[in-house]
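Trainee: Given next are the chains, with one letter for each unit.
There are 4 protein chains.
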Amino acid sequence: LTSVEDGAADYGLLAPVRAGSPVEDATGDHAFLQALLDAESALARAQAALGLAPAHAAAAIDAVARAELYNPRDLALRARAGGNPVIPLVSDLAAAVPEEAASFVHRGATSQDIMDTAAMLVARRTRGLILDDLDRTAAALARLAAAHRATPMAGRTLTQHAVPITFGLKVAGWRHLVLDARDRLAAVVLPAQLGGAGGTLAGFGAGSRGGAGYAAAVGASVGRRGNDDVLMLAERFAVETGLAAPLVPWHVLRTPIADLASALATTCGALGKLAADVLVLSRTEIGEVEEPGAGSSSAMPHKANPVRAIMIASAARQAPALAAVLYGCLVAEDERPAGAWHAEWQTLRELIRLAGGAAAQAAALADALEAKPGRMRANLDSTRGLIASERLVGVLERLLGRRAARDLLTRASREAAEQGVELGDVLAEASALTGLVDRKELAELLDPAEYLGAACALTDRALAREAREAP
Amino acid sequence: LTSVEDGAADYGLLAPVRAGSPVEDATGDHAFLQALLDAESALARAQAALGLAPAHAAAAIDAVARAELYNPRDLALRARAGGNPVIPLVSDLAAAVPEEAASFVHRGATSQDIMDTAAMLVARRTRGLILDDLDRTAAALARLAAAHRATPMAGRTLTQHAVPITFGLKVAGWRHLVLDARDRLAAVVLPAQLGGAGGTLAGFGAGSRGGAGYAAAVGASVGRRGNDDVLMLAERFAVETGLAAPLVPWHVLRTPIADLASALATTCGALGKLAADVLVLSRTEIGEVEEPGAGSSSAMPHKANPVRAIMIASAARQAPALAAVLYGCLVAEDERPAGAWHAEWQTLRELIRLAGGAAAQAAALADALEAKPGRMRANLDSTRGLIASERLVGVLERLLGRRAARDLLTRASREAAEQGVELGDVLAEASALTGLVDRKELAELLDPAEYLGAACALTDRALAREAREAP
Amino acid sequence: LTSVEDGAADYGLLAPVRAGSPVEDATGDHAFLQALLDAESALARAQAALGLAPAHAAAAIDAVARAELYNPRDLALRARAGGNPVIPLVSDLAAAVPEEAASFVHRGATSQDIMDTAAMLVARRTRGLILDDLDRTAAALARLAAAHRATPMAGRTLTQHAVPITFGLKVAGWRHLVLDARDRLAAVVLPAQLGGAGGTLAGFGAGSRGGAGYAAAVGASVGRRGNDDVLMLAERFAVETGLAAPLVPWHVLRTPIADLASALATTCGALGKLAADVLVLSRTEIGEVEEPGAGSSSAMPHKANPVRAIMIASAARQAPALAAVLYGCLVAEDERPAGAWHAEWQTLRELIRLAGGAAAQAAALADALEAKPGRMRANLDSTRGLIASERLVGVLERLLGRRAARDLLTRASREAAEQGVELGDVLAEASALTGLVDRKELAELLDPAEYLGAACALTDRALAREAREAP
Amino acid sequence: LTSVEDGAADYGLLAPVRAGSPVEDATGDHAFLQALLDAESALARAQAALGLAPAHAAAAIDAVARAELYNPRDLALRARAGGNPVIPLVSDLAAAVPEEAASFVHRGATSQDIMDTAAMLVARRTRGLILDDLDRTAAALARLAAAHRATPMAGRTLTQHAVPITFGLKVAGWRHLVLDARDRLAAVVLPAQLGGAGGTLAGFGAGSRGGAGYAAAVGASVGRRGNDDVLMLAERFAVETGLAAPLVPWHVLRTPIADLASALATTCGALGKLAADVLVLSRTEIGEVEEPGAGSSSAMPHKANPVRAIMIASAARQAPALAAVLYGCLVAEDERPAGAWHAEWQTLRELIRLAGGAAAQAAALADALEAKPGRMRANLDSTRGLIASERLVGVLERLLGRRAARDLLTRASREAAEQGVELGDVLAEASALTGLVDRKELAELLDPAEYLGAACALTDRALAREAREAP
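Residue numbers (the numbering used here), protein chains in the order written: chain A, 5 to 475; chain B, 5 to 475; chain C, 5 to 475; chain D, 5 to 475.
Looking at chain A on its own, in the form it has when it is part of the complex (with noise of 0.2 angstroms):
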């Protein structure tokens, strides 16, 4: 068992945008190190299966492929020696096992054979997770568009009022966004390496078949130019696995983890998206939504801190830089680069995380945040019609011209601004608009739920799109 004394090991204490989370622990060493074992087992059970080891020696190995026989902070101090802990592992796996199975234990493979499987591993496990997280908000937000598809409430832009949306259209567009990140994560194909020490798959293949000396030594080796049945294994290595089989062995050839990049970014993104409107929309001042149970300060009873959008938003802030990271490691030289690979793991596993933590707030968040259309109502009549003037411009300058309507407008506006009066009020003295347009006309107007252009159909749109299925 690990020693709990150590002073190094992390908790979550500084992370509680992932702290709990289910992605935290299918991410944390025990998690990393089972999948490291599993790629182990599944490279012993693809070699008994071709007839390359004996299938006790699978089972053997399959028997100890268990996180708990081994000690993650062991392993972690060892892996210094040779710079990646599968050599410790490999070790340990190899001692942990019959005698007469100890040398099929990691048999030709390489570190990174390892190291990468059990990446892809992980990541298939937390993408499921997310993919759920990112579902169940997909499915809340949805239920809040249709709630508040005709709500009024100001648009902002640029961060003043512009002109007036509907709350079911921002809240389809978050949806919209949730979506898009869905279907990136879920389209990024995972698959198993196996290469070899350079990739050729030459190392595979001394394997179980009978004979003695030296004929059937040579004989049981795949190193000959030509002898392409390797191939099969890295095949079958796939099928153990449950990941995709890649059509070569991709130990310097990183896609896979330049599209992980780009989809766990593009969810810390989406979400961020959703959670910088919440922020701006439970201001004080502002007070359009509000996250119930959220985050309270006894000293300061007032407060109700959005806290779940907080954390999303701290996840949003780190992982465009962590995903520069991973696309910087693409440029691996050589058949193994020199420090991009170990730079991914690390990394990696910090995208993930802070994808999931933030996916799983988000779910959290959608299925609890309460609209306050009172709220938005009083924001939007806050500036006493001018919100719809853009309307206005169109219709007087229909009947003044352009010039003259936005002069009038212009003057009309500052006056009621100053007089904190209503815009319509103001334009109703207007004698250029004396017999044109009373004053019941202006207010009607000037209504900013009379001025929503197309939000109801675009919520609808918006909402009609499925949401994918998983893959």
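Watch out, some of these pointers could steer you wrong.
Unchecked claim - Once the Cα atoms are required to be at most 16 angstroms apart in a straight line, the calculated EDC-like pairs of lysine to aspartate or glutamate come out as:
1. C:376 / A:422
2. B:444 / B:426
3. B:376 / D:422
4. D:376 / B:422
5. A:376 / A:445
6. A:376 / C:422
What the hints assert, rightly or not - Heads up, incomplete: computed chain A residues facing chain B, CB under 8 angstroms, no partners named:
7. 163
8. 166
9. 456
Quick caveat, the hints were computed from the structure, so don't treat them as lab data.
Quick reminder that beta carbons are idealized off the backbone N, C-alpha and C, glycines included.
Mind docking chains B, C and D on chain A? Use the hints.
Mentor: Relative to chain A, chains B, C and D alone:
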């Protein structure tokens, strides 16, 4: 015409990776200005087609939608007042058309409709150029890989010789990555953008339908709840631009930008891998490839700097960070964010240029690159058999048992290295092997060309992957 | 002269944050070209001063070291062959001087000597401009902070009203950050670079000392071990450029670039904080500050977009990623890295421009920014006493004990919020407080203006910090 | 005690660069928890010292401020509710002290006061460790550089042999960079943070001063305008923590974080340069340095992976992006930003760990690194005189004129390369040189060891730079 004495202009002096490339030309300020004008004239045409504007107005706008009529520097300076170049451009455009057409310029639109659509137009125009160069690169690499399908060379991992591979397999891997990038870039959906001031399309519709007085003026307005035919305008606008029609306005749903960022960063990274390998293999001590006519130096006549690879490498170093900026801009608060949108413009353009420049360089590099099989063989042999020792391990383990085999090899390897003799010769003297393997067998076992695993088969497989059709 | 019809040129169309700024002018291709020429002529002058070149040659080089004599676009295109613009420039420069001076052009130098020195010249020239604008910003902020030293406003944490602060304190904080940025930028050491082909200065010395034949030719060479007087040349070169003299050539010791990156990213971030606050306080619902004459919209006459803050925010979003590229370039292998050096050029220039543009915008913004104390007070009062509840907690705990005090406050706060009445009025009815605090005392206790803590003293402290002298 | 079965914990399995390093131990959750407790107890002590809390309360808090009394995993999980771990910690701390001390726990403070102060404590503790390792690195490099002050080796630019340098000069450059990093890290000011809920210190003061009833309760409050003695508390708090006293609270003036980011990214980059060079020089074909006992492989006994350099390189790839996140967090809106603050925690910790891990690896690498002068010489000679051709250019130009000299050299270089003979031998046959230079003189001119420029003098200069005193 633009004043040439302006010190602030850039002509590519600091960016040789893309100077003179087709993509550079298609992304310069003139090109972007033309795209802005194309968006404005497409809008007028779309409105005319739907009866929302007179045909003569659309024709008048079309007629002056030519970049050479406007001054990009002057527009740049005037862009500061409102924060984007569309505002002054609309003003110039309205002044350039007959008065009766002026009010149909930019009618109902917001600056972002035009900027985003222009960005997508630039992306579409440059994407074709980049895909062409990726195709050229892939085709040249296919030829090179086929020609060297079985040319043995040292596989290198973590900077050290590992096991033999073939040059064909390495090059086929480069091509595989290039195709990955190509597919991802080709798959990006590039939509037009039309939403109006708040994304509700409310401003579109105060059209040219006849009539006078208040009723007609209001009747012409699309601002009423439920008036959804502006959706047709959005679709027609997309048709006129030649871009995809989005489900909903994406002014703050920035997936198209994130998707582009992903594909462009992947492209730069994929080409960066090729470049990194060329840089290693070009080293004076290695000399396994050469870019003929590469950068020479008159003071150092022996130098042949791998200039194209260097320029690609410089692009690959910059792209991930630019992509990260764009991922960060997904977090776009409100209906138009205060800064996140503005940060995209220059960043996306530079990222397109880096990918386009790198692709052009890669196409030329792949066309010209020469392999040096003699140097490859010399390097393979330089470790005197050690590079195939993995194979020997397998064989000797079967003959001597695991422990004894490894001990013998470790001792023999050290002796061979220290004395500068062949590993096979040392082993041939080993008493443990007497009667088991003879000198000739050892020489054969340690021949790198006999330990290529499935390199050829994998090369064939990778080369069988078809280049995807252009979108 | 540069051809104006070239579509590839940039005039700042996509970068309003810096269009038209002094820094933009000082970083354009003409400006960079001039810096390259300044470096070449400084080298010739330094060599002449030490007798390594004839004075007439230095004078001839000086005479043609004017950017207007060369075509930056043409140089950009020719830069591709060797990977940097110095190679074609040297060729043009040699052609521009009389034949007897030609061999003293760039004598002994390597392209990097000239590029790096030019980059530092551009950095020094622009640094002064940026520092000026930071000084202007700090001075304007000092006036604003002093004027509003005691103007109460809502302190906001995690988007919610927390406790009262003063506008003076907030503004003094902005100034503090600006001075931090200023100090860091002013402290960066900007060295000349001279090292020759490998950083050994070996190529400098084949000078003009008289004599003929082999002995003289060799005698003029500084390539001999121990011939160290070229160190004097490096120092003289620095003097001629006006830059610092480095201890050793820094061609692959890129601390000067990293230091600049740090200071420029810090500058953008510091100004970004100011902008972020202005953006919040400018929101329609908050309205506590205004940038007079800010971006207006003719269709929406009520809009006053905080354009300068938006442009600064856009810079702050881009700068960290550019700095990250430059940090990455510290990893410069060999005596000249294949890509890391090249990736610096455009990146550093863009980072300088973003900082320079943001500083210019900030200076104008700080000069013009208007506070709205009335809105500040109205917002403070909008929570009806709740914003000072922290104070009440302290007082009531002493009167009632911790538990009872907090329970009472929580209940009263909720009641006040629900009924839309003052917290003080609710508490005045609370039986627990009968005889302990009266309504008037409660009103006083809950007056935000009476709970400002040390805001004024902290403001004074911050304003007492002196702006540092320019370097 | 922490439950060990939790799968979510990290033990360093994916981060060999820092596993087991002192910095890792000083940054783990236990260490950070201890720093949080240290901040809380320093606050209580400071309050007691100023009479704002009873001494017994401070003593009681001190007594339980030991990390082993709390469960970091439990705190991490409870941190989600309020978004930071201080809230549950304060609750646990209050429960752990006698009731009469409970109300003095965290009195007047906000979570950020404790988090920021703890982060600075962790930074200070780890900074010392990193500086120690940078000092060890610099000392070892000084020895190595001195030992090889005049050992000639190939200078390499853009992957090609350029001119000779010395290994001493290269190593002295590494040391120079390490000292640059050291100086920057040592110079960072690490301040305590105390501001209370809004940065006004208003919450501090409801202290232990005697009296009863309303007057006393109010009198004890520091919330009144002008009551500035809480400034003393902030200073005393700094003294108790051992950190610097900031001029003003820096809760949203994040220069300390940015400064740390700069110094840490510079450190990783500086060490990354060293690692990059070691990786090049370790290549099988180059073999000029060796890290004895470096990562071996049992299946490939000839491999000696430069593991330490690889791990340093992996850190250098991650650090710039993390620094970029922290620069982005400078843009901290309001009096506590909603996400920017939270994004700093994990990011800063990971950056500290990367720098600390890289420094520890670098110290060990520098201690152990062995130069191979024989290989250096062999590589120098491998181009048969060409590496010194720059020298010959200078000499021959004086003898033959520029054009003729260069033509001759280009022809001769090509001939030497093609025929595999010495350049000097080819030139000795050249009729143009007959009577001007003889074969022996040519050999001497082309001796790389005779063309070292000022390499030795520059090495001496660099080594004369003193390591700066620790802060």
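Trainee: All hints are to be evaluated individually against the structure, with a verdict given for each.
Mentor: Hints, one by one, checked against the model:
Proximity of residue 376 of chain C to residue 422 of chain A is assessed by CA-CA distance (about 14 angstroms); at most 16 angstroms being required, the pair is judged to hold. Proximity of residue 444 of chain B to residue 426 of chain B is assessed by CA-CA distance (about 12 angstroms); at most 16 angstroms being required, the pair is judged to hold. Taking the CA atoms of residue 376 of chain B and residue 422 of chain D, the gap is near 14 angstroms; set against the 16 angstroms cutoff, the hint holds. Distance check on the hinted pair: residue 376 of chain D and residue 422 of chain B sit about 13 angstroms apart at the alpha-carbon level, within 16 angstroms; holds.
Note on residue 376 of chain A and residue 445 of chain A: the hinted pairing is violated, with a Cα-Cα distance of about 28 angstroms set against a maximum of 16 angstroms. Distance restraint check for residue 376 of chain A and residue 422 of chain C: the Cα-Cα separation of roughly 14 angstroms lies within the 16 angstroms cut-off, and the hinted pair is therefore satisfied. For the restraint placing residue 163 of chain A at the interface with chain B, the shortest Cβ-Cβ distance is roughly 5 angstroms, inside the 8 angstroms limit, so the hint holds. The restraint placing residue 166 of chain A at the interface with chain B holds, with a minimum CB-CB distance near 5 angstroms, inside the 8 angstroms limit.
Taking 8 angstroms as the C-beta contact cut-off toward chain B, the hint placing residue 456 of chain A at the interface holds, the least distance being around 5 angstroms.
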